[in-house]
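**Student:** So the chains spell out like this:
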Amino acid sequence: MNYSPYFNKKYETLDRSQIEALQLERLQRTVAHCMNSPFYKKRFEEIKLCPEDIQSLDDLKRIPFTTKQDLRDTYPFGIASVPLERCVRLHSSSGTTGNPTVILHTQKDLDEWANALARCMWMVGLRPTDVFQNSSGYGMFTGGLGFQYAAERLGMLTVPAAAGNTKRQLKFITDFGTTAVHAIPSYAARLYEVMVEMGIDPRRDTKLTTLLIGAEPHSEEQRRRIEEMLGVKAYNSFGMSEMCGPGVAFECKEQNGMHIWEDYYIVEIVDPQTLEPVQDGEVGEMVLTTINREAMPLLRYRTRDLTRIIPGPCPCGREHKRIDRMKGRSDDMIILKGVNIFPIQIEQVLLQFKELATDYLITLETSDSNDEMSVDVELSQLFTDDFGRLQSLTREITRRLKDEILVTPRVRLVPKGSLPKSEGKAVRVKDLRKHF
Amino acid sequence: MTISQLSIFIENKSGTLLQVLNLLKDAQISLIASNIADTVEYGICRIICSEPARAYSVLKEAGVAVALSDVFAIELDNEPGRAAEAIGVLSKEGINITYLYSFLLNGKGILIFRTDDAEKARETIILAGLQFIAEKDLTHLV
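Protein sequence lines correspond, in order, to chains A and B. So the numbering used here is basically just the index in the first sequence, starting at one, shifted up by 40. So the numbering used here is basically just the index in the second sequence, starting at one, shifted up by 7.
Since the hints were derived computationally from the structure, they do not count as laboratory data. Hints are supplied without guarantee of correctness; some may be wrong.
Calculated cross-link-like contacts (lysine-lysine; reagent style DSS-like; alpha-carbon spacing at most 30 Å) [what the hints assert, rightly or not]: (1) A:Lys148 / A:Lys108; (2) B:Lys20 / A:Lys442; (3) A:Lys394 / B:Lys67.
Construct the entire structure; sequences and hints are all you get.
**Tutor:** In structure tokens form, the structure reads like this:
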């Protein structure tokens, strides 16, 4: 069958002036709709701004930023712009310390999300003839249900394998003739390791052609390694639960920057200190405004992700802007195995143990292409002479940390005063992972 | 009938033991026996010394993670089989030894150990007539 190169030709082939005209129209509509949100209504009143004041895309700058703290302060439903009865799903961030964040979706939001991500997958060459296996966690993690619905929307046979159990994943890949897998980069490498152990040659014994990776920082070298190991093309993607999830930006076949769908989002790159816009091509914090969303539009949301716009046209012909792979964060959030973790979450768990002093050190390392976290904690007093009790303390700390941050860290007890300090202030995070 | 032992949490790193030993030296405290048990990441150094209570305060004040615990110390004749005999007595009563170290002093074998049931061990040692060392005997040993 002869397929079109586009999933949604009308929107994918807009030129710059069309994109901007559409954005203004959608922005005005979104801002007016936001007046149904108690949060935005109050905020606009405070600065005496009316939806009618937004007359050009430049006027976007008159709208204050929205932050993760705003989401926490209005937890759970305070930003919503529609009544709850119109919402059909929510996704919530991990964590129990402080308030987590909640994102609400109407049925239309879910449809549009599936359309956007289906568009991404089509763009890298996936078609209804493909068999798609989603090795991402389901549940609250948006990489699960997000890819599921989008792959079904595209029309692929979809295998909701979910995370873990690598041998079972490989059985699915070989038995069902899986051609495309979505996984975090470190898990892609793990799949290969287990293939080697089991004597599976990915080129000979599987039909894999495509890997969709993202949600975890990785370098160009890591991508090339995954491609070489598995004999596939691997495409990087960007998404965040605040913006639905995966499907915000995706690489095209050029593999040089991720097209951000500008019929869904207005992207700004600002200096994280001055919050003033930077020139195209310069690195800054990405700020996103949703312009195609009902339940919970977010205006000028500070993503805290650092990236840049790649200047110039893309040879693929799409004029939607391209963002570069993420260069880091403008806050202290850690992204590990696709999970977002703030050091404060770890701190608050450790504070519950009276056996521990206040200092701790989080180390992120890559071992066997697997990213891991270890947490060094200081023992304040030796409360026992018994190794068994020290080990059960370590186990208990590990368990409670896992409950909070959803990944299992390696916990090490160290004597008080032995953790490094810099200029009197404790160093909390050491990132030795191999990317950027 | 038990004696005080210092337990010190130490990192598996060169110099950490020396720091502890220097603190004890500066306080004029003599060591009678010591032992280090280690895991991959850390160790516990166990020390029998003169004036354990004072040694404990000295280390604690210096910020060392230290605990004072009670252990049994049994004196045995220096002949083959005596240790087996003593441990056999405890074992028959179903008492587990969590750790043990031993040394020779003035021609006598000394076993230092901790059990999982101190009460039962106490009675068993008394009823079996084993020679034990008490806290007050420690100063004579140095």
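**Student:** None of the hints should be skipped; say for each whether it holds.
**Tutor:** Consistency of the hints with the structure:
Using a Cα cut-off of 30 Å, the hinted pair A:Lys148 and A:Lys108 holds, with the two alpha carbons roughly 24 Å apart. In summary, the hint linking B:Lys20 to A:Lys442 is supported, as the alpha carbons are separated by about 28 Å, within the 30 Å threshold. For the proposed pair A:Lys394 and B:Lys67, the alpha carbon gap of about 17 Å is at most 30 Å, so the pair holds.
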